[in-house]
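Asks: Okay, here's what each chain looks like letter by letter:
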Amino acid sequence: AQRVTQPEKLLSVFKGAPVELKCNYSYSGSPELFWYVQYSRQRLQLLLRHISRESIKGFTADLNKGETSFHLKKPFAQEEDSAMYYCALSPTSGSRLTFGEGTQLTVNP
Amino acid sequence: DGGITQSPKYLFRKEGQNVTLSCEQNLNHDAMYWYRQDPGQGLRLIYYSQIVNDFQKGDIAEGYSVSREKKESFPLTVTSAQKNPTAFYLCASSIGAGPGDTQYFGPGTRLTVL
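Chains A and B, in that order, give the protein sequences. According to our numbering, the first sequence holds residues 1423 to 1531 in order. According to our numbering, the second sequence holds residues 62 to 175 in order.
For reference, chain A alone in the conformation it holds in the complex:
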């Protein structure tokens, strides 16, 4: 069975500080991994996914198969980054997603 774990429910940093949101997964095959974000009063939306290897809003995430992790990083946090972040996994075949519990990020001025 696949599982996604986000060990931090709450994360608070100051503006301009680096931020890392942790995500660990368990899956026997080669999964697709995603980060979704939900800003206050907005819909849940895709932030980035590992297959595209892109940087969105300054965020990057590297898939580490050895550690089964997909941590989300940003070198300089901004106040507008405050949101709920979800890590999600999709199996090798099919599109159903398994989500982690979510991390509420707060960036203080």
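Treat the hints as calculated values from the structure; they're not laboratory data. Every residue, glycine too, gets a C-beta built ideally from N, C-alpha and C. Take the hints with a grain of salt, since some may be wrong.
Claimed, not checked - Ranges between beta-carbon positions, derived for each pair:
no., chain 1, residue 1, chain 2, residue 2, range
1, A, F1436, B, T138, 30 to 38 Å
2, A, T1482, B, P69, 35 to 43 Å
3, A, N1530, B, G124, 20 to 28 Å
4, B, N89, A, L1468, 14 to 22 Å
5, B, E123, A, S1450, 24 to 32 Å
Unchecked claim - SDA-like, lysine to any residue: derived pairs with alpha carbons at most 20 Å apart:
no., chain 1, residue 1, chain 2, residue 2
6, B, K70, A, Y1461
7, A, K1479, A, S1450
8, A, K1479, B, K70
9, B, K118, A, A1423
10, B, K118, B, Q98
11, B, K70, A, R1463
Given chain A's structure and the hints, the job is docking chain B onto it.
Replies: What follows is chain B alone, placed relative to chain A:
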């Protein structure tokens, strides 16, 4: 954002009653999904449909039912058999059912059982 809509935004139900949540999309997506969002538990998949007239149970299907008679519509019925139905329900759709297909989410329906 208008591509996938959910109604109503808030819904109140008495214990023992069934209630149906609406989800409509005009994105011409083949696949649609229902998730339940609870604080501290993330999103959990209730049901999903990869194509019209076909659907599969997700991780927490007990007490729920769905239908997919039209491509653009995927209503969710919360039955009286669902033991803890008070939650935030999210509908999503994707162009296909492949692992790389991005899911697009609706605004959600908050269901409260009185």
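Asks: Take the hints in turn and mark each one as holding or not.
Replies: Hint by hint, here is what the structure shows:
1. A:F1436 with B:T138: 30 to 38 Å: Once the Cβ atoms are compared, 47 Å apart, the range 30 to 38 Å for B:T138 and A:F1436 is violated.
2. A:T1482 with B:P69: 35 to 43 Å: For A:T1482 and B:P69 the Cβ distance comes to about 39 Å; the hint holds.
3. A:N1530 with B:G124: 20 to 28 Å: Cβ of A:N1530 to Cβ of B:G124: about 41 Å, so the range 20 to 28 Å is violated.
4. B:N89 with A:L1468: 14 to 22 Å: Hint holds: Cβ distance 18 Å, inside 14 to 22 Å.
5. B:E123 with A:S1450: 24 to 32 Å: holds (26 Å)
6. B:K70 with A:Y1461: Cα-Cα ~18 Å, so holds.
7. A:K1479 with A:S1450: Violated - the C-alpha atoms of A:S1450 and A:K1479 are around 31 Å apart, more than 20 Å.
8. A:K1479 with B:K70: violated (29 Å)
9. B:K118 with A:A1423: holds (15 Å)
10. B:K118 with B:Q98: Holds, at roughly 17 Å.
11. B:K70 with A:R1463: holds (12 Å)
In the structure shown, a violation is registered for the earlier hints numbered 1, 3, 7 and 8, in ascending order.
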